[in-house]
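*Asks:* Sequence:
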Amino acid sequence: MYFPYALVPLLMVAALQSGEPGTKDGAILLFNGKDLTGWGYQSGEKFDGKTESDDKRFSAKDGMIVVNPGKGIKQLWTTRKFPGDFELRLEFRAAVNADSGLFLRGPQLQVRDYLVAGPYKKLQKYKPQDWNEIVVVVKGATAHCTCNGELLEDALKIPATGGIGLEADRGQMEYRNIRLKESK
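The sequence shown begins at 179 in my numbering and counts up by one.
Possibly wrong hints are sitting among the right ones.
Unchecked claim - Here are the simulated lysine-lysine pairs, DSS-like style, with alpha carbons at most 25 Å apart: (1) K335 with K259; (2) K252 with K335; (3) K224 with K249; (4) K335 with K239; (5) K249 with K234; (6) K305 with K259; (7) K252 with K239; (8) K224 with K239; (9) K234 with K224; (10) K239 with K305; (11) K259 with K299; (12) K249 with K228; (13) K317 with K359; (14) K234 with K252; (15) K335 with K212; (16) K317 with K259; (17) K234 with K212; (18) K299 with K234; (19) K239 with K249.
Claimed, not checked - What follows is a list of derived Cβ distance ranges for each label pair: (20) K249 with A319: 15 to 25 Å; (21) T229 with A319: 30 to 40 Å; (22) K362 with V274: 38 to 48 Å; (23) Q302 with T229: 14 to 24 Å; (24) K239 with P261: 10 to 20 Å; (25) W309 with L329: 11 to 21 Å; (26) K300 with V274: 28 to 38 Å; (27) Q302 with G222: 38 to 48 Å; (28) G227 with K249: 32 to 42 Å; (29) D226 with Q302: 21 to 31 Å; (30) G248 with G296: 20 to 30 Å.
The hints are simulated quantities; they were obtained by calculation from the structure and are not laboratory data.
C-beta atoms are modelled at their ideal positions from N, C-alpha and C, and glycine is treated no differently.
Work out the full structure, taking the sequences as your base and the hints as a guide.
*Replies:* If you want it as structure tokens, here you go:
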């Protein structure tokens, strides 16, 4: 079978122009691993091409979004909205007693040093100060949320559309491999 190799550069350009890098399983990478492109504050401030927010609460470093300690609560949101069903996967690492959050179209799922800061203090598979995985499966107006396979929320009520957000509250948090796979 003949394959026109001259088309390879054209296919690569088309993939890059789609604006959203994907993974082998068809998921969208919400964080490109190098800067805060696709993220911003709800005030309208966008951080495309920047490695840190203007107030330095969020930075892109070593393939992670780092939530830096500071004063007050700040929220970093995707500039894109997600109206359909989806599965969101991300990894996080919390410093001792760190407090953050994952916003799902609006409502917040607590993401923190769970065994110290709660509210999920009885998790058996949570690894303090190590990488943990959150999986959120959204169907309709509810989200099923787990950490390392253990239930956090069975049916968190969420609106029909909205972005994905990360909160800066207390201590340092790190997020990586943030990917979302839309259901068909």
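*Asks:* Which earlier hints turn out false for this structure, listed by number in ascending order?
*Replies:* Result: hints 4, 6, 11, 15, 18, 20, 23, 24, 26, 28, 29 break, sorted rising.
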